[in-house]
Amino acid sequence: ENYKVLFLQGGATTQFSAVPLNLMNKNKKADYIVSGQFSKKAAQEAERYGEVNVIASSKDKNFTYVPYVDKFSPDADYVHICFNNTIFGTKYNYIPDTGNIPLVADMSSCILSEPFDVSRFALIYAGAQKNMAPAGLTVVIVREDLIGNARPETPVMLNYKIQAENNSMYNTPPCYPIYIAGLVFEWLLMIGGLEAMNKINEKKAAILYNYLDNSKLFKATAQKEFRSIMNVCFITGDEELDKKFCSEAKKAGLENIKGHRSVGGMRASIYNAMPTEGVESLVSFMEKFESEYKPV
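Using my numbering, read the sequence shown as starting at 183 and increasing by one per residue.
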């Protein structure tokens with residue numbers, strides 16, 4: 183209740199512009215918490231439309247944690263966070279209490295992975311390609327009282343009021359991703375909803391983190407209390423050995439294990455579609471690799 187769900191074109195990066203165009207309209211100020219690459223990019227884009235206050239950042243420790251924030255600019259039009267950080271393998275372990283200031287969350291890489299109390303947020307946006315559908319679709323869940331205040335220069339395709347009035351069909355929508363998203367929603371309901379999905383995801387992540395915490399070779403890079411259940415980042419501590427691991431993993435049929443180019447190391451993205459058996463296969467390979475290359 184009191185929310186509109188919009189099915190929009192473009193990736194979540196488009197919302198880096200759409201959010202300030204629709205919400206940064208009263209005081210032309212917004213607070214951003216920078217906990218990784220995507221929240222940093224969102225803040226940089228918002229600077230085109232008004233005053234951006236980066237009120238906290240975890241850059242000081244290479245984004246291995248999420249800052250705890252409980253004080254916000256009283257005149258901010260909204261507060262923006264990125265709930266899960268794919269590149270660094272961290273996630274929020276709390277929902278910031280922003281009081282009357284609207285809280286906006288980029289949930290591109292964690293939506294549908296666990297239950298969320300939507301009422302704690304004024305706006306949630308998420309690119310579909312992690313847990314929902316093929317790329318090309320972005321879902322925006324926006325509180326109704328925030329619709330209708332877009333700046334005059336806002337392009338029609340980025341105007342939430344126009345999209346809401348036209349049921350996300352102001353022009354031809356991304357039909358195939360929306361169709362696939364519908365099938366995914368039905369599947370999630372069939373297996374028991376987000377509570378059941380969360381149990382599966384927690385189990386998958388625990389298998390991998392438990393191994394990493396007891397390994398003599400591999401080490402998880404995110405601080406324990408902020409570990410993502412969608413993206414598990416780890417290293418050996420030796421760049422050449424990391425490269426060898428990625429190379430041999432690929433030969434063993436384990437794809438896309440290389441970490442993001444900005445941080446290196448390895449990253450296991452274990453989104454909803456990844457079965458538990460996939461994580462177990464990765465751990466088995468890691469055990470084999472460690473037996474051959476562990477420090478003496």
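Think of the hints as simulated: they come from the structure by calculation, not from any bench.
None of the values given here were measured: they were computed from a predicted structure.
There may be inaccurate statements among the hints.
Taking CB as the label site, the calculated pair distances span [stated by the list, open to error]:
{"#": "1", "residue 1": "Arg443", "residue 2": "Glu407", "range": "23 to 29 Å"}
{"#": "2", "residue 1": "Tyr475", "residue 2": "Glu368", "range": "19 to 25 Å"}
{"#": "3", "residue 1": "Asn392", "residue 2": "Glu422", "range": "24 to 30 Å"}
{"#": "4", "residue 1": "Glu335", "residue 2": "Gly364", "range": "31 to 37 Å"}
{"#": "5", "residue 1": "Ala455", "residue 2": "Asp257", "range": "39 to 45 Å"}
{"#": "6", "residue 1": "Glu335", "residue 2": "Thr195", "range": "29 to 35 Å"}
Every residue gets a Cβ at the ideal spot worked out from N, C-alpha and C, and that includes glycine.
That 39 to 45 Å hint for Ala455 and Asp257 (C-beta), does it hold up?
42 Å, holds
Go ahead and decide if the range 31 to 37 Å is satisfied by the Cβ distance of Glu335 to Gly364.
34 Å, holds
Lying within 24 to 30 Å: is that true of the beta-carbon distance Asn392 to Glu422?
27 Å, holds
For Arg443 and Glu407, compare the CB-CB distance with the range 23 to 29 Å and indicate the outcome.
27 Å, holds
Does the hinted range 29 to 35 Å hold for Glu335 and Thr195 at CB?
Given range 29 to 35 Å: violated, Cβ gap about 19 Å.
Holds or violated: the 19 to 25 Å window for the beta-carbon distance between Tyr475 and Glu368?
45 Å, violated
Hint compliance for this structure: hints 2 and 6 are broken, all remaining hints hold.
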